[in-house]
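Keeping their order, the protein sequence lines are chains X and W.
Residues 1 to 339 (our numbering) make up the first sequence, in order.
Residues 1 to 599 (our numbering) make up the second sequence, in order.
Certain hints may be false.
One-sided and incomplete, this derived list gives chain W residues near chain X with beta-carbon spacing under 8 Å [to be verified]:
1. G159
2. W160
3. I319
4. D320
5. T321
6. R322
7. G349
8. Y350
9. F413
10. A419
11. T421
12. P422
None of these hints come from the bench; they were simulated from the model.
Every residue, glycine too, gets a C-beta built ideally from N, C-alpha and C.
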Amino acid sequence: MKSTINKQVEEPDIQPARPPRRRLRRTFILALLTLVVLLLVGLGGYLVLRPRVQPLSLPALPAHINEADLGLTGWQDYQRPLPPIALNSFDWLQPPTIDSQQALLEDAAGQALIGQGQLVHGLSYLRAAAQSSPDNLRYNDDYRLALRDHGQYAEEEAFFSQQAARIKTPNTAISLAMAYVDEMRACPRPPDGLVCQAQNSSRSIDVLNSVLAQHPYNIIARYGRGLNHLYWPSAMGHLPRAQDDLQYAIALLQPLGSISSTFPPLAYAALGDVFAKDGQVDAARNVWLSGKNALPNAALLDSRLNIALDQLVGEENGPLRGLGVYVDTKLAIFWQSGR
Amino acid sequence: MENIPKQTNRRQMLKYAAQAGLSLATVAAVGIASRSDWFRNLLSGQQQKSRKWTAFQLRNIAQQADIAVTHQKVLLDHKVDNIMPWMASVGAAVAAADYNNDGHIDVFVSSSGLNAPCHLFRNNGDGTFTDVAAQAGIADLNRDGGVMDAVWGDFDNDGWPDLYVVTWSSPNRLFHNNHDGTFTDVTVSSGTGDRGNGNAAIWFDYNGDGLLDLYVGNYFPYVHLWHLNTTRIMHDDFENARNGGPNVLYHNNGDGTFTNVAAKLGVDDTHWTLDVGACDLFNTGHMDLYLANDFGQDTIFKNNGDGTFTNVTPHALPIDTRKGMNVDFADLNGDGYPDIYVSNITKEGYLVEGNFLWHNNRDGTFTDTAPQLGVDKAGWGWGAKFVDLDNDGEMEIVALNGFVSAGPGDYWFELGTMATTPGLVIDDARNWPSIGDKSISGYERSCLFVKQGNGYVNIAEEAGITDLYDGRGLCIADFDNDGLPELFVANQGAPLLLYKNYPQQRNHWLGLQLIGAGHSNRDAIGTRVTLTAGQRRRVKWVDPGSGFASQSDRRLIFGLGALDIIENIEIRWPDGHVESITGLPIDRYHILKQGEVTR
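Sequences and hints are given; from them, build the entire structure.
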């Protein structure tokens with residue numbers, strides 16, 4: 001301080017005090033420069049950290065894929081609301097009849113009866129609906145899921161095996177393939193029961209192979225087979241096959257567009273999970289971000305994007321697609337309204 | 001103080017701006033670094049490297065000890081050539097006992113190849129061993145069949161250990177100790193020559209008559225593996241196979257003969273038993289059986305105390321589809337109930353089963369605590385033992401591993417594909433893909449799990465366990481009587497290893513050699529000893545030969561850490577008699593004979 005004072009005393013005329021206007025200008029320039037630096041740093045940070053979405057590599061599809069190609073013929077029927085059922089009516093005490101005209105009513109009655117605790121009776125109605133319209137995915141799905149939810153895996157496999165053997169359509173085969181997936185719940189929980197689970201998955205994949213050999217754009221079979229492959233231990237080499245199927249599933253979302261289903265976010269989530277399980281975390285996030293671009297309100301994709309990166313790498317045995325995580329085989333995701 | 005206006009020129013202004021920019025860039029860089037966990041990883045890596053485990057410095061002294069021999073594998077019928085590396089993957093066994101009563105622990109080591117000699121390494125007491133198997137009459141055991149396991153036990157209570165040898169496809173052999181360094185084959189007269197294809201045997205007194213009985217764990221069904229009539233000899237399921245050879249329980253008749261009572265007592269289990277252990281699992285004073293079964297559920301036979309057993313597996317254990325390879329017991333929390341360690345198979349990306357550490361719930365059930373304690377992942381598991389290597393009173397776990405170490409190819413993919421293909425008849429060896437020169441979980445490093453906090457960490461490499469052999473039998477024994485146990489490792493088709501521990505700091509210890517009398521077997525197998533020191537209980541049992549292809553030193557060593565006073569020792573002998581003793585000097589072995597202990 002002393003030397004500064006001395007300096008002032010010694011050089012009073014060399015650096016005269018600047019007028020307030022110049023000081024103001026200097027302050028302004030300083031503030032401006034700081035702002036510019038801040039902006040540059042911010043821009044740089046954004047460029048480094050901003051999410052970059054690369055276009056997904058998807059298979060090319062023929063120009064005119066219709067609902068039949070997708071395996072969703074009659075999806076409007078599947079969307080019909082269940083009719084109200086008065087369970088105190090005498091009608092529902094009777095055994096069901098195998099009548100396709102009654103299928104929707106029987107489906108509704110079956111679900112209502114199970115809801116009231118009459119499992120055996122309710123299942124008989126659901127079975128009747130499925131038997132009367134064996135190619136109807138909705139009735140098959142409702143009966144199959146009821147069996148699954150009540151642990152009747154053997155009955156599930158037996159019924160849909162017989163049905164697929166009797167009526168050889170993609171839909172009966174898909175229902176059987178899903179029954180095999182459901183049966184994995186009967187295996188011991190991992191890390192036990194891995195062979196049991198894998199054998200059921202193999203059976204499911206075999207069935208879906210036959211469907212896709214004839215109907216390569218069946219979106220349900222594609223997604224079902226892709227998910228089957230996704231859950232295998234990675235070293236068994238199923239991930240490339242999962243990737244292939246799920247890329248198809250995303251490509252097929254475009255022709256699916258007319259059906260406002262809940263499915264699209266699931267397809268993006270699953271394909272991202274393939275990459276995550278393979279350790280390709282950036283590629284996984286890219287898929288989910290692509291999904292977000294296409295489906296801005298997809299909360300499922302938000303939750304995927306919020307997972308810490310190190311947790312994604314541990315996906316092999318993790319809670320998303322790890323060994324022993326049960327897959328929900330509810331096929332109504334393909335026709336239930338999501339918007 | 002006078003207010004002096006700042007005099008700033010353009011250069012200074014630019015300098016300030018640059019400093020501000022630099023500061024912001026630094027903040028941004030730190031932010032980015034913290035987002036990427038780079039900094040944290042760097043720090044944790046440095047912490048990892050700085051950790052030292054000076055209490056565990058293991059060195060292989062096999063060469064100096066003159067035990068540098070290599071195990072020879074079996075070569076079976078050429079009909080199973082496609083999977084011969086799998087078939088020939090067992091047989092390296094080791095069993096410890098002081099067969100000549102000179103106060104030093106000796107060791108029998110198997111070889112399995114045709115005409116390959118087995119070894120009896122007599123402990124010279126000076127850090128070296130001499131192979132005396134030929135003079136003893138127990139070298140030439142591979143003329144017909146192949147040796148798989150061996151276990152010492154004084155079946156006639158004459159004070160001299162006898163030897164039972166388990167072989168494939170030829171009668172098992174029982175050798176009576178002649179008290180002069182030689183043995184007499186009494187297989188035929190004793191009736192113990194089971195012709196099964198076993199991998200395990202233990203001596204224990206199941207019915208409390210004071211005589212050691214013999215339980216044999218069989219693996220393959222009753223076929224002659226060198227002269228096969230069929231190739232349908234394999235397990236028929238990877239998760240629940242029950243087409244193995246029936247296990248055998250030889251009841252000691254007390255006159256030099258034995259009778260197989262396994263079927264009568266319901267313990268003729270046909271799972272693919274790889275190891276057998278026995279301990280008082282339910283604190284009833286009787287020894288219960290634990291069978292480590294390959295390809296499915298392990299089995300617990302509870303000893304009813306009246307010469308019968310009850311299969312309590314469904315109640316005691318959860319469903320288990322794993323590949324049981326080894327069983328060992330220790331009371332980890334001093335509650336007087338043994339906990340159980342079981343080796344299984346872990347192969348990342350294919351089959352992550354994990355080993356079991358069954359916590360004894362004291363209500364007849366067990367809960368697997370291996371994952372939470374960090375002792376589950378140990379490769380393709382084989383012999384595994386609890387051991388207090390540094391005598392601090394905490395048990396470590398040594399777990400051997402490695403299946404087939406061969407060429408660079410990996411058979412796991414073929415194995416996994418076969419196992420998961422529905423409808424494939426896997427019990428037919430012809431349906432198995434050829435293994436050729438491929439490895440199967442080869443070149444794995446054994447694990448040494450050491451207690452740290454509430455769990456365990458694997459410090460094998462840091463401690464000096466660096467070999468990559470296919471480990472099989474693991475024998476824990478104090479060959480030099482210094483109170484620090486050594487690890488004697490029998491490797492499949494590879495040299496023996498003898499790991500000696502050279503800790504920097506020595507803890508106190510107490511060793512006990514127990515001799516049963518009255519209605520207890522002389523080997524005192526099954527005796528429970530409870531030592532109290534520093535107001536903490538430590539409980540150990542005299543072991544019957546548990547552990548895959550191995551038998552450890554039967555003497556009990558209690559690690560005391562810094563404690564130099566023992567408050568009490570309570571001994572519950574096999575016949576139920578209880579004796580207590582106080583004031584035993586520490587840091588040495590004591591021979592305690594039943595009925596002469598209390599003071």
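Against the structure, the hints come out as follows:
For G159(W), the suggested interface contact is broken, since its CB lies about 46 Å from the closest CB of chain X, more than 8 Å. With a least beta-carbon distance of about 45 Å to chain X, the hint placing W160(W) at the interface is violated under the 8 Å criterion. Residue-level restraint check for I319(W) holds (minimum Cβ-Cβ distance to chain X is 5 Å; threshold 8 Å). Below 8 Å, beta-carbon pairs count as interface contacts, and D320(W) has one with chain X at about 6 Å; its hint therefore holds.
With its C-beta approaching chain X no nearer than about 4 Å, T321(W) sits inside the 8 Å limit, and its interface hint holds. Interface restraint check for R322(W): the shortest CB-CB distance to chain X comes to about 6 Å, inside 8 Å, so the restraint holds. Evaluation of the G349(W) hint against chain X yields a held restraint, the C-beta minimum of about 3 Å falling below 8 Å. This hint holds: Y350(W) has a C-beta 5 Å from the nearest C-beta of chain X, less than the 8 Å allowed.
Hint status for F413(W): holds, given a least beta-carbon distance of 7 Å to chain X, under 8 Å. Interface hint status for A419(W): upheld, as the beta-carbon distance to the closest one in chain X is roughly 5 Å, under 8 Å. A least Cβ separation of about 6 Å between T421(W) and chain X falls short of the 8 Å threshold, and the interface hint therefore holds. The interface hint given for P422(W) holds, since its Cβ lies 5 Å from the closest Cβ of chain X, which is under the 8 Å cut-off.
Against the hints set out earlier in the document, violations occur for numbers 1, 2.
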